[in-house]
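Those sequence lines, one after another, are chains A and B. Going by the numbering used here, 231 is the number at position 231 of the first sequence; the sequence numbering is gapless. Going by the numbering used here, 464 is the number at position 145 of the second sequence; the sequence numbering is gapless.
Fair warning: there could be bad hints in the mix.
What the hints assert, rightly or not - 25 Å max Cα-Cα, derived BS3-like pairs, lysine-lysine:
1. A:K15 - B:K494
2. B:K489 - A:K21
3. A:K5 - A:K218
4. B:K541 - B:K455
5. A:K84 - A:K116
6. B:K489 - B:K564
7. A:K14 - A:K28
8. A:K84 - A:K99
9. A:K113 - B:K427
10. A:K85 - A:K113
11. A:K28 - B:K489
12. A:K239 - A:K312
13. B:K541 - A:K116
14. B:K564 - A:K99
15. A:K15 - B:K489
16. A:K273 - A:K238
17. A:K84 - B:K564
18. A:K84 - B:K427
To be verified - Take a look, some chain B residues computed to stay more than 12 Å from chain A by CB distance:
19. E348
20. Y372
21. L431
22. V550
23. E567
As the list claims (entries may be wrong) - With the Cβ distance kept under 8 Å, some of the chain A side facing chain B (calculated, not the full set):
24. S64
25. I66
26. L67
27. Y68
28. L89
29. K99
30. Y119
31. R257
32. K259
33. F260
Because the hints were derived from the structure by calculation, they are not lab data. Cβ atoms here follow ideal geometry from the backbone N, Cα and C, with glycine treated the same way.
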Amino acid sequence: MSIIKAKKISKSFKKSTLDWKRLCVERKDTVALEDISIDIDEGELVGFLGPNGAGKTTFLKILSGILYPTSGSVEVLGFNPWDKKYDYLRQIALVMGQKNQLWWDLPAIDSFKLLKEVYSVSGRNFKKNLEMMVDTLGMQGIVQRRLRNMSLGERMKCELTASFLHDPKVIFLDEPTIGLDVFSAQAVRNLLQTINREKKTTMILTSHYMGDIEELCKRVVMINHGKKMYDGELSALKKQYAPERKVEVFLHSVKDREKFAKLPFEKSLEDAKGTIRVEKERLAVVVEKVFESFEPENISISDIELEEVITKVFESQTH
Amino acid sequence: MWVLIKNSWIRDAKIGGYQIGVFAYRVLEITVTLVFFQIIFSNIESLAGWTYYEILFLYAFSKIVIDLGSTLFKVGVRSISENLVRTGELDFFLLRPVNTMFLISFSKPRVLDSINCIFSVAIGYYALIAGNIAIKSENIIWFLFLALFGVVIYYFLSVLVITPAFWVVKLWSIKYVMNRLGQLMQYPAGILPGAIRMIFFTAFPILAVSYIPVRVLFWGPKLEYVVYMIVITLILGIVTRAIWKLGERSYASASS
Chain A
1 MSIIKAKKIS KSFKKSTLDW KRLCVERKDT VALEDISIDI DEGELVGFLG
51 PNGAGKTTFL KILSGILYPT SGSVEVLGFN PWDKKYDYLR QIALVMGQKN
101 QLWWDLPAID SFKLLKEVYS VSGRNFKKNL EMMVDTLGMQ GIVQRRLRNM
151 SLGERMKCEL TASFLHDPKV IFLDEPTIGL DVFSAQAVRN LLQTINREKK
201 TTMILTSHYM GDIEELCKRV VMINHGKKMY DGELSALKKQ YAPERKVEVF
251 LHSVKDREKF AKLPFEKSLE DAKGTIRVEK ERLAVVVEKV FESFEPENIS
301 ISDIELEEVI TKVFESQTH
Chain B
320 MWVLIKNSWI RDAKIGGYQI GVFAYRVLEI TVTLVFFQII FSNIESLAGW
370 TYYEILFLYA FSKIVIDLGS TLFKVGVRSI SENLVRTGEL DFFLLRPVNT
420 MFLISFSKPR VLDSINCIFS VAIGYYALIA GNIAIKSENI IWFLFLALFG
470 VVIYYFLSVL VITPAFWVVK LWSIKYVMNR LGQLMQYPAG ILPGAIRMIF
520 FTAFPILAVS YIPVRVLFWG PKLEYVVYMI VITLILGIVT RAIWKLGERS
570 YASASS
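Using the sequences and the hints, build the whole thing.
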């Protein structure tokens, strides 16, 4: 059952400037979103992809009720987000990787306690959720520290904790792993997976890190210039735009490079790495030949990276 | 509330010099105002029917209202024009299941500013004693009742003045408007020409904040004053809330 229904959402930002030469006000409209429709079921974890300025964050802000759309309708959990009903706001959360919602000068625990009151979280649930977050994110000893004394990764973990204390049914995540080291980013991904699986929390995630999307999202929505370009399974996207596999060979000697140059396949050579792109049907033939010619420890076979798939999609839609 | 006060204490404690500056400024301001009043009253017996000591009390009471505002909501309300709208930090406030206007307003209390009330209370007390102003106990109750409405009116006006920041994002100077208009509270309404007086009793009822409660304290309650204070507070509350909601609709947030 869809718990997020967006129909033909458009949003344009109006800007007025005074033209002193002509003594008139000039109005300029910037289109951020154009006719975006989407349905999301309960418990889905959907990834939003798109370049900077594509409209991803604007869409999340419209769904959460922060921004009003220029046209279109949205229903989340049966509510119109812009009515800002308290019953609605108690069931959602927004995490923004580049903005803090917690107090800078206070220990994180004090901000959590304030949010407990704001969201009317019972003492038992507050304790349970806080302990779960602290355990999952490895935050022992962190929550007692002031925010300004924390690293970026620690702050982000606290931001996530703050957003999950009230058990939201829908959570909007805008680049939650931005700027995090690999360990922190992995901890955040694990947490999102756990909460999505155990609590059936519906999540919409935007991220520039394809690792986040690949690990967490079965379904992706691609947006560019405010328009929806793709909505479907990530695996189908890869199949459609990058059906081939990549066979990479690490070439340590001149002899190896010469051998690689003689292979009867379409290939490229960069530094000490040779790459062969091959359709899945022909993969067996290519692999057999490559393993005949080179040491197995120097060979790797992989899918095309998601970044490349995305680039292909955008290029195909542009041309 | 405790968390808010704790936050205020931690923040203010870091800038002890600020509070000393505020005290010094307040002493200077009071001194200049007293000298100014002395000069005026060395030439006249009364101003719009008010004696020197009555006006001194009015001045002190208006300062108490302003100090209460500084303690409770001034920093929070100002943050709307200073940074919340411009930087998009308003986003998080809009997502809370509580009244956004109140949450922002009272999110940054400045506990130490309440100490400034001591000066104002002392001047008010001095004015009553030195001026031999006899006050009925009944009037004190009415005064306190209407003073409460006065503080609420002052709060709504402070919010109302800042709301253009929703539409004109870089409107930092708007926070000073209330400082200037607040000065009108320290004089009797009768010194203003009729049309201007009407504006400041109806369209922007800053005069109602201190003039009506103090008048009732000195000369007793009138039904029309009580009705006026209740009605104007309600209307102002509704108008402020409506404009705030319009502002929220126009809010464009900021890029991530």
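Results for each hint:
A hinted pair counts as satisfied when its Cα atoms are at most 25 Å apart, and A:K15 with B:K494 qualifies at roughly 23 Å. Annotation: proposed proximity of B:K489 to A:K21 holds, straight-line Cα distance about 22 Å (limit 25 Å). Between the alpha carbons of A:K5 and A:K218 the distance comes to roughly 19 Å, so the proposed pair stays at or under 25 Å and holds. Distance restraint check for B:K541 and B:K455: the Cα-Cα separation of roughly 14 Å lies within the 25 Å cut-off, and the hinted pair is therefore satisfied.
Restraint check: the Cα-Cα separation between A:K84 and A:K116 comes to about 19 Å, which is no more than 25 Å; the hinted pair holds. Simply put, B:K489 and B:K564 have alpha-carbon atoms about 19 Å apart, close enough for the 25 Å limit, and the pair holds. Taking the CA atoms of A:K14 and A:K28, the gap is near 6 Å; set against the 25 Å cutoff, the hint holds. Proposed proximity of A:K84 and A:K99 is supported: the alpha carbons are some 21 Å apart, at most 25 Å.
At most 25 Å may separate the alpha-carbon atoms for a hinted pair to count; A:K113 and B:K427 meet this at roughly 16 Å. Among the hinted pairs, A:K85 with A:K113 is consistent with the structure: their alpha-carbon atoms are about 22 Å apart, no more than 25 Å. Pair hint A:K28 plus B:K489 holds up; C-alpha atoms about 18 Å apart against a cutoff of 25 Å. Taken as a hint, the A:K239 and A:K312 pair is honoured in the structure, with Cα atoms around 12 Å apart against an allowance of 25 Å.
Restraint check for B:K541 and A:K116: the C-alpha separation of about 46 Å exceeds 25 Å, so the hint is violated. Restraint check: the Cα-Cα separation between B:K564 and A:K99 comes to about 24 Å, which is no more than 25 Å; the hinted pair holds. Between A:K15 and B:K489 the CA atoms are separated by roughly 13 Å; this keeps the pair inside 25 Å, and the hint holds. With a C-alpha separation of about 24 Å, the suggested pairing of A:K273 with A:K238 holds against the 25 Å cut-off.
A C-alpha spacing of about 11 Å is found between A:K84 and B:K564, which places the hinted pair at or below 25 Å, so the restraint holds. A distance of roughly 23 Å separates the Cα atoms of A:K84 and B:K427; the hinted pair therefore holds under the 25 Å criterion. Interface exclusion of B:E348 from chain A stands, the closest Cβ pair being 29 Å apart, more than 12 Å. Listed as outside the interface, B:Y372 is consistent with that label: its C-beta sits roughly 44 Å from the nearest C-beta of chain A, beyond the 12 Å cut-off.
A cut-off of 12 Å between C-beta atoms confirms that B:L431 is not in contact with chain A; the least separation is 15 Å. Interface exclusion of B:V550 from chain A stands, the closest Cβ pair being 28 Å apart, more than 12 Å. Remark: the non-interface label on B:E567 conflicts with the geometry, its nearest Cβ contact in chain A lying 8 Å away (cut-off 12 Å). The interface hint given for A:S64 holds, since its Cβ lies 6 Å from the closest Cβ of chain B, which is under the 8 Å cut-off.
Using the Cβ-Cβ criterion of 8 Å, the hint placing A:I66 at the interface with chain B is satisfied: the shortest such distance is roughly 5 Å. Because the smallest distance between the Cβ of A:L67 and any Cβ of chain B comes to about 6 Å, under 8 Å, the interface hint for this residue holds. A distance limit of 8 Å between C-beta atoms decides the matter here; for A:Y68 the minimum to chain B is near 5 Å, and the interface restraint holds. Restraint check, A:L89 versus chain B: the minimum CB separation of about 4 Å is within 8 Å; hint holds.
Of the supplied interface hints, the one on A:K99 holds, with its beta-carbon coming within about 7 Å of a beta-carbon of chain B, less than 8 Å. Among the interface hints, the one on A:Y119 holds; its C-beta lies about 6 Å from the nearest C-beta in chain B, closer than the 8 Å criterion. Annotation: A:R257 was flagged as interfacial toward chain B, and the flag is violated, the nearest CB pair being 45 Å apart, outside 8 Å. Interface hint status for A:K259: violated, as the beta-carbon distance to the closest one in chain B is roughly 49 Å, over 8 Å.
Among the interface hints, the one on A:F260 is violated; its C-beta lies about 44 Å from the nearest C-beta in chain B, farther than the 8 Å criterion.
Against the hints set out earlier in the document, violations occur for numbers 13, 23, 31, 32 and 33.
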